[in-house]
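Protein chains in written order, with full-length UniProt numbering: chain A, 1 to 243; chain B, 1 to 349.
Bear in mind the hints are in silico, worked out from the structure with no lab data behind them.
Because the structure is a prediction, the values reported are computed rather than measured.
Fair warning: there could be bad hints in the mix.
[As the list claims (entries may be wrong)] Taking lysine to any residue and the SDA-like style, the derived pairs with C-alpha atoms no more than 25 Å apart in a straight line are:
(1) Lys-110(A) with Arg-165(B)
(2) Lys-110(A) with Ala-29(B)
(3) Lys-110(A) with Pro-138(A)
(4) Lys-110(A) with Asp-214(B)
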Amino acid sequence: MTLLRVDGISKSFQGLRAVDEVSFEVAEGSILGVIGPNGAGKTTIFNLIAGALRPDSGRVHLAGREITGHTPHQVTAAGMTRTFQLMRPFYSMTVLENVTIAVLAGGGAKRTARTAAAELIDRVGLGRWRDAPTEGLPTAALKRLELARAVASKPRVLLLDEVLAGLVPAERAPVMELLEQLRTDDGVTLVFVEHIMAAVMRLSDSVLVLDLGRVLTTGAPEEVTRDPRVIEAYLGEDPHAHA
Amino acid sequence: MTATSAPPAPETAAGRPLPRLPWNRHLIAIAVLAVLLVPLPLILPPAQASVAVRVLIFALMSIGWNMMSGFGGMFSFGHAAYFGIGAYASAWLLVEHRVSPWIGILAGMVVAAAFAALIGFLALRYKLRGAYFALATFAFAEMLRLWATNSDFVNRAVGYHVPLRPEASWWWLQFEPSSPNYFWVALALTVVALVVSVLYLRSRAGQFTKAARDDEDAAAAVGIPVMRYKLLTMALSAAITAVAGAFYVQYFLFIDPDLAFGSSVSIQAILPAVIGGVATVWGPVIGAVVMGPLNDVTATMLRNPPAGLEFLQGRSGLDVIVYGTLLIIIVLVLPKGIYGTIRQRWFRR
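The task is simple: from the sequences and hints, build the whole structure.
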């Protein structure tokens, strides 16, 4: 079943077409990887479907309901939550307070919100930072916090904007495991923008390749990465050569 | 985070108790303080008792300001608007319609809250931030001042005198000038405002407001309707400051456009919180305790300057100079205010 359907959305900034008639569908419980060179429009697409920007044309449906032009909190309430490429914690608060607020915003009861948040914090491996102020946390911890906060709002679709960027390889593995768990245990559908090809290859059921605001191609990760157009536009070289 | 402050903790927090929330401690502290302060007007000489009432008025104004500008992160330079609405609403109802000041206080709160929500909606709708937001709030307060100065509806520049009653009356909130009742009423209003602010901070709405202050987009992304909570915070903030205005009229028995809506009133709402600690529960109260007596000292010095300072006789503006100097010192030495800095240094949070 298609959970998220995007039909021909476009967005121009002062005449520059940043996103041009992009369409794709994401089936419930699947993982879609979004790749493309810098400036391909990946983050803009997130902003358009998550409500931060209003598309010039096109439609977005979530679980059969149209959410085009909804404000960000309405999109989240409808079941789709996004993370930010640059981590954006509530800086005056501790990790626990950050996640508690997200639990409350997701409709959690006030009495149990802190316990639920603490459990979630353990689950994303942030336990040792639980009571620390977010100011001064290392990048890896902030990335996990961003993820924990998004998961706390109980989304059906999670839009992840480069959750692995800035992590050293040793830190990436547990995050990738967590993302797989979210899909298998919680049934969350994931759409993630990522530059780290190993992660894209490992996690994605299908891959959407963007270039200059358009869909270059879409398909299974293996197919897509063999496509000469993709190699030319983005990969620059055959990723299988070193595999 | 340094290695020293992070002992070899386990990777998980499972089983570790959750940190205690500060709300109950705040509520207990408010109750204790309230009880301790009740006998104060019976101990103090009358002149000092009136300073104490002034302190409470400052505190009340600033508790309101702090809610919107401290916890809400929307810097208001126009809280005179709400103070003045509270003052004028209760004075107008009392003088023109013989309505009890208690009802006048409520009416002032409602009108101020509605006006704040309107200003807030316009300012947020057009995405005013930071200094531009502050200027917009200032402009609305000035607008009200000019309106009051030029409108027959509220007696133009003359304002209102509260008619003196032959005998003391709780219903008309009028007692002998030296009566301790004024202090007790102001204390009760301030305590209620403090309790309301603690309960608000503890509530879902208060938590969402702080999240929206820290990062509006991130707050929206977890599903918080940012606009709704910002307007709610502004309305509550305005209502509290309006109470201060309404009480001011009943205590000083007089109001005019400058006393109600002048920019110095806005500054008086800001300073206690800045001196005591912005975005802290106790900051406005502590700042008011510093500012109230200072206000009195400068006024006395202008009336009867000490030897060597005779040139001050009859001049005005000394209070502004003292406030300005104090503000500079506070910002340099205690950047988070008296309470904010102490809390940070001694309690590490």
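Structure-based check of each hint:
1. Lys-110(A) with Arg-165(B): Since the Cα atoms of Lys-110(A) and Arg-165(B) sit roughly 50 Å apart, the hinted pair is violated (cutoff 25 Å).
2. Lys-110(A) with Ala-29(B): holds (24 Å)
3. Lys-110(A) with Pro-138(A): violated (29 Å)
4. Lys-110(A) with Asp-214(B): holds (21 Å)
Going through the hint list in order, the structure does not satisfy hints 1, 3.
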